[in-house]
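S.K.: Sequence:
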Amino acid sequence: MPEKLPSPPPRSHPRLSNEPDEESHNEKQSEEKGQATEALVFPSSQSSRISVASVEDAVPGQEAEPGLASRVLSRITSRTSIAPGPAPDGGFRAWMCVLGTHLVVMNTWGVINSFGVFQSYYVEALQRPPSDIAWIGSIEVFFLFFIGTFTGRLTDAGFFLPITILGYILVVLGTLVTSVCTQYWQVFLAQGVCVGLGNGCLFCPAIAIISTYFQKYRSIAIGLTACGSVTGGLVFPGIVRGLLPRVGFSWTIRVIGLMQAGCFVISLLSLKPRIPPRKSGRLVEWSAFKELEYTYYALGAFMCFWGVYFAFFFIAAYARDIQGMTYSKSLDVILVMSGVGIIGRLVPNYFGDRIGAVTVFVPTAGLGALLVWCWIAVNSQAGVYVWAAISGPALGGIQAMFPSALASLTTDPSKQGTRIGMIFTIVSFAVLTGAPIAGTLISAMGGRYLGAQAFAGACLTLGTVFLAVAREVKRKKQGTAVRSKV
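Numbered according to the UniProt record's numbering, the sequence shown spans residues 1 to 486.
Hint data in this document are derived by calculation from the structure and do not stem from the laboratory.
Hints may contain errors.
When the alpha-carbon atoms are kept at most 16 Å apart in a straight line, the in silico EDC-like pairs for lysine to aspartate or glutamate are as follows [what the hints assert, rightly or not]: (1) K485 - E472; (2) K476 - E291; (3) K272 - D89.
Distance ranges between label pairs, derived from CB positions [what the hints assert, rightly or not]: (4) G451 - G339: 28 to 38 Å; (5) L370 - D89: 17 to 27 Å; (6) G90 - Q127: 17 to 27 Å; (7) G262 - Q186: 19 to 29 Å; (8) I376 - L268: 37 to 47 Å.
Built from N, CA and C at the ideal position, the CB exists for glycine as well.
Please take these sequences and the hints and turn them into a complete structure.
M.R.: Below is the structure:
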């Protein structure tokens, strides 16, 4: 069977109302503790439980008006919750969930962080400008954030299995269909929309499940699952690098799809919900925006994610177009950037538990901004490798610290899911448009990257400022010293 897309030329070219269930006090605490901050450590994720069921902001003696989504879920969720007991913090089932979630993250965020291998290839093979190709990866990340808000609430309502199976089917189907695509719109629908919807059905439910199994060792468990993005960031570019020149695009993508199917079978057998289904609360809590630290954090997160994916999506294309690297060597840059990213996904969260998540997030974002500005000064192939090795941990740290720092802004665990879901939805529009804007700037400047680099650097710089203001507002509200834990 002939290949549908040609191999690129070796030379470089310039281019979720009801009042809460009457559960016992012990059950409420055990559930809420199992679904709080550290369940939200990503992408990588974070990583994060986007949609923990929320309790209504009801005034005593007065029931709040339910929203449409809440009424729907309360109708389809009628089973009574039974106290599951404290988190086991280990055991065969718990660690199997770690394995299953690691594989989910590997095949969602790992693929997203590897989009650079497709960005540079599609520009050549489909003969489209970088901004057009960037929409494929951006819509994929958008659906992961945006759809996750709703699939997480369906998980709370007891629909984990069907939602997860649907996600598996969509991801594998979209990947396999991509292998036979010959036009841009086909790749956009298959890899961008279909795979993106599947990612949204997988990521949040998996993180929601694992968060209920750990308390004492939760940081270790979440760290191991977060590293799935690093695993994917090494495996998938490696597959493309090794197979594309030998068997062509179609069979390379089929191998990736079949490997994803195998990983999903193991993941499905490993993941099992521990908390019984329960009714969900509001989908949006507008009063949260009256808290200035929350509002400033939302602005900071939007700006950071508006610029952070430019590097992940375009570094390989930059290596080829500007520095004259071959296609295989440009993939080596992605491997370096993904491999060292494990540092940024573990170390910042370690210190965040000790001195405060927001406190750590601010300098992490600031370092990422500085390094993107420094990218402008890179003028050699060796410099590209050095820049990728240094920037990988910082840019990966932004992805990892975002959800955990966000969760630390809310002290009421019953509101965590709603508030986190709200900002995830806001951020989804940043990741949707950021990379395409950068691609448009590249095209407008005749293939030069200066405008796109300045755009990404400015976004990260402004994001750092908003995050610092959010930390200061939170610190003053606490009435603590400047160096206190925030």
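S.K.: Indicate whether the distance between the beta carbons of I376 and L268 respects the range 37 to 47 Å.
M.R.: Distance hint for I376, L268 holds at roughly 45 Å.
S.K.: Within 16 Å, alpha carbon to alpha carbon, are K272 and D89?
M.R.: 15 Å, holds
S.K.: Is K485 close enough to E472, meaning Cα to Cα at most 16 Å?
M.R.: 11 Å, holds
S.K.: Quick one: are G90 and Q127 within 17 to 27 Å, going by C-beta?
M.R.: 54 Å, violated
S.K.: Given the hint of 19 to 29 Å, check if G262 and Q186 actually sit that far apart at their C-beta atoms.
M.R.: 25 Å, holds
S.K.: Given the hint of 17 to 27 Å, check if L370 and D89 actually sit that far apart at their C-beta atoms.
M.R.: 39 Å, violated
S.K.: Taking the Cβ atom of G451 and the Cβ atom of G339, is their distance within the range 28 to 38 Å?
M.R.: 29 Å, holds
S.K.: If you draw a straight line from the CA of K476 to the CA of E291, is it 16 Å or shorter?
M.R.: 12 Å, holds
In the structure shown, a violation is registered for the earlier hints numbered 5 and 6, in ascending order.
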